[in-house]
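Engineer: Can you make the complete structure from the sequences, with help from the hints?
There are 2 protein chains.
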Amino acid sequence: MNRILPTVSAENLTQFETLALATSSMNLADGHARQQLTAAQSKIVAELPSMWAEAAMRPAPEIEQEATESFFGMLGQHSHPFAAGRTLSCYSSSLAMEILARSLVTTSDAVALIHPTFDNIPDILRGVGLRLVPVEEEQAHDEDLPAELLEQVGCVFITTPNNPTGRVMSEARLRRLAEQCAEYGVVLALDTCFRGFDPDAQFDHYAVLDASGCRWVVIEDTGKLWPTLELKIGWLVPSANVDLPIEKIHSDILLGTSPLILLMVKRLADDGADGGLAELQRTIADHRALLRAEFADVPGISFVDEHARVSVERLHVGSRLGMDVWSAVRSQNLYVLPCQKFHWARPHEGERMLRLALSRNPSTLLAGARVLRSALLDAPELQG
Amino acid sequence: MNRILPTVSAENLTQFETLALATSSMNLADGHARQQLTAAQSKIVAELPSMWAEAAMRPAPEIEQEATESFFGMLGQHSHPFAAGRTLSCYSSSLAMEILARSLVTTSDAVALIHPTFDNIPDILRGVGLRLVPVEEEQAHDEDLPAELLEQVGCVFITTPNNPTGRVMSEARLRRLAEQCAEYGVVLALDTCFRGFDPDAQFDHYAVLDASGCRWVVIEDTGKLWPTLELKIGWLVPSANVDLPIEKIHSDILLGTSPLILLMVKRLADDGADGGLAELQRTIADHRALLRAEFADVPGISFVDEHARVSVERLHVGSRLGMDVWSAVRSQNLYVLPCQKFHWARPHEGERMLRLALSRNPSTLLAGARVLRSALLDAPELQG
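Chains A and B, in that order, are what the protein sequence lines are. Heads up: the first sequence runs through residues 1 to 384, numbered per my numbering. Heads up: the second sequence runs through residues 1 to 384, numbered per my numbering.
If you're looking for bench data, these hints aren't it; they were derived computationally from the structure. Hints may contain errors.
Repeated chains share a single entry, so a pair holds when one copy, or any two copies, can fit it.
[Claimed, not checked] List time: in silico EDC-like cross-link candidates among lysine to aspartate or glutamate, alpha-carbon distance up to 20 Å:
hint, residue 1, residue 2
1, K224, D274
2, K43, E54
3, K248, E11
4, K248, E171
5, K248, D297
6, K43, E294
7, K248, D119
8, K248, D198
9, K224, E351
10, K43, D274
11, K43, D243
12, K224, D198
13, K224, D270
14, K248, E136
15, K224, E69
16, K43, E247
17, K248, E138
Structural biologist: In structure tokens, the structure reads:
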């Protein structure tokens with residue numbers, strides 16, 4: 001059990017998150033769902049053995065269809081292209097990302113990518129050999145993209161709701177961006193993995209994209225919503241006109257996902273549509289309020305994403321350095337995420353922020369918040 | 001449910017396998033385990049809800065360590081480097097393959113790859129931009145590799161036991177190959193995903209590799225052994241001296257695998273070590289005997305891999321074309337795998353062979369064998 005690194009040698013956000021897993025620590029680092037199961041969810045887990053028998057008996061594509069319809073339906077994504085074979089299920093959204101990146105690089109050498117965003121997106125895109133051009137979040141949301149940008153890239157990649165900011169691209173803005181991508185022959189790729197948390201992101205994205213005529217790809221994810229021990233599905237959904245070798249590369253890496261996980265996703269999504277998702281959104285809102293209250297009287301601290309509804313929350317630590325605060329609370333067994341690596345083009349822009357996970361039990365969240373509060377209030381070297 | 005392609009447009013073996021999933025057909029196509037659970041395995045599945053509670057409670061790295069020790073131990077792979085953080089768990093062995101390929105291409109432009117082998121290996125390697133040089137199976141097993149080959153590649157990649165042939169690299173031969181790779185500074189990569197089926201492959205590979213001083217990577221897999229509905233772990237195990245960005249790329253794609261799957265793997269491996277693996281080997285031997293008996297009197301048919309113990313079996317269909325036989329039995333709802341794509345460098349060498357899966361219930365296997373037997377005996381156009 002030597003995975004506790006003696007010094008900080010994390011190269012990316014995931015390696016920072018791994019540090020939090022390696023000990024019996026307070027883990028507010030990763031954005032995976034780690035809250036308790038609700039009563040309805042516990043009932044589904046209790047039925048896993050009978051779901052196993054069902055999954056072993058029935059044709060896998062039939063189960064996959066049901067899971068797709070329930071999950072996409074819960075998200076308000078009613079026009080999914082399952083029947084056309086274009087909802088490709090993957091073990092995770094990051095694997096969907098890898099397949100997309102490998103597909104893009106066959107026809108393109110550059111991607112315009114939202115800034116900031118979770119660093120495994122730029123790292124995977126760069127890892128396959130793509131050059132990245134940053135698109136500031138404000139720019140993506142507020143104005144047309146410049147022609148000189150669209151002329152030099154094969155794809156525009158937007159995370160909505162964004163991780164870590166929670167910012168959601170509106171239907172009107174998505175429509176205009178898609179029109180621009182259609183005009184320039186550029187693929188519009190969306191990562192919507194956090195959209196279950198925000199009703200504003202639960203409109204029919206594919207209908208908007210199709211209406212524009214642009215080539216598009218969307219990555220969907222069950223993995224952020226429910227505390228299912230990393231049993232999850234990422235979907236990679238390309239448009240009919242995408243003209244990338246996505247299906248081939250998908251089939252190089254997998255024959256299919258687990259019918260047991262798909263059955264479980266169907267059941268969880270049905271419960272979600274029946275009130276479970278609204279309950280989750282209330283839980284996250286409660287946790288966000290709890291966290292904000294805990295820091296209300298700490299000088300120099302602010303919550304930068306006022307309207308965020310996603311399951312992570314950014315804290316600006318004033319004139320302190322996020323890494324100093326990270327080190328201080330780590331010595332008390334609390335793990336959070338320093339934000340510089342979200343700002344993949346200009347890390348210094350994130351160096352005074354931390355990201356905290358909200359998808360935890362309230363007791364864990366409160367205990368972690370109190371450790372962080374004490375560190376911010378007490379340690380003289382952390383004074384803002 | 002439009003995934004039944006009207007004509008054969010499969011680009012790779014996995015797409016051929018997908019055809020078999022899309023219907024309520026007799027599926028002898030893919031090599032995934034689809035036999036019934038044994039009584040001991042059923043007991044483990046029945047305990048999934050309590051294993052869920054356990055996995056949610058305990059630190060994930062502790063569960064991962066137990067799963068690694070049980071699984072590697074069952075395979076006779078006693079010297080695993082878990083404590084050094086070098087047993088990287090992945091959602092599947094193909095994902096481990098993708099991560100390895102992405103790592104190799106950062107320092108190398110060519111790989112020497114065993115021929116034949118399952119086509120997703122060459123497709124993934126080529127997909128990241130690597131050039132492939134075939135190493136004939138006989139050559140890899142019988143003689144030193146030529147200097148001119150080793151001088152032009154960054155990696156030698158061997159599947160042992162091989163898929164589809166079942167051929168196992170002996171300890172003595174592995175030692176010599178590793179010495180050659182050490183001498184030329186070439187990474188020796190092994191895919192040992194089928195080694196649970198063959199006791200001859202259950203020696204301590206890592207000890208042999210380490211003793212040679214070569215840089216090495218091994219891909220291990222739980223996915224072929226047990227009928228666990230695609231719940232599986234692939235492990236990517238690099239040597240300490242590998243000098244490739246494997247850990248970084250792994251962390252770009254995943255934070256970790258499911259602790260529930262890891263707990264299940266531990267339980268299945270403990271049962272395997274306690275007699276379950278020997279029982280599985282007997283089952284596969286029985287199925288192989290059943291299949292061979294069914295075709296004993298069919299003219300022009302032969303089983304080419306006499307000593308194979310893996311869960312797939314190749315059938316030479318004489319002067320017939322495998323694709324013709326494939327089409328004939330497909331019309332009767334039986335799916336098998338035509339072999340030309342295993343021969344990734346010279347497909348014609350596989351065009352008179354089919355691969356049949358043995359990890360099925362005997363009734364499915366027998367029903368499929370009888371359809372195939374009739375097709376081979378009756379259809380005049382298929383006469384050898």
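Engineer: Each of the hints needs a verdict: does it hold here or not?
Structural biologist: Quick rundown of the hints versus the structure:
1. K224 - D274: within (19 Å within a copy, 38 Å between copies)
2. K43 - E54: both (16 Å within a copy, 16 Å between copies)
3. K248 - E11: between (31 Å within a copy, 7 Å between copies)
4. K248 - E171: This pair counts as neither: shortest intra-copy Cα distance 31 Å, inter-copy 36 Å.
5. K248 - D297: The answer is neither: 55 Å in one copy and 40 Å across copies each exceed 20 Å.
6. K43 - E294: This pair counts as neither: shortest intra-copy Cα distance 33 Å, inter-copy 47 Å.
7. K248 - D119: This pair counts as between: shortest inter-copy Cα distance 12 Å, intra-copy 26 Å.
8. K248 - D198: neither (33 Å within a copy, 32 Å between copies)
9. K224 - E351: Close neither inside one copy (25 Å) nor across copies (46 Å); limit 20 Å.
10. K43 - D274: within (15 Å within a copy, 33 Å between copies)
11. K43 - D243: neither (43 Å within a copy, 47 Å between copies)
12. K224 - D198: Answer is within; shortest intra-copy Cα gap is 12 Å, inter-copy 40 Å.
13. K224 - D270: Intra 17 Å, inter 32 Å, cutoff 20 Å: intra-copy only.
14. K248 - E136: neither (33 Å within a copy, 26 Å between copies)
15. K224 - E69: This pair counts as within: shortest intra-copy Cα distance 18 Å, inter-copy 30 Å.
16. K43 - E247: neither (36 Å within a copy, 37 Å between copies)
17. K248 - E138: neither (36 Å within a copy, 30 Å between copies)
In this structure, the hints that do not hold are numbers 4, 5, 6, 8, 9, 11, 14, 16 and 17, in rising order.
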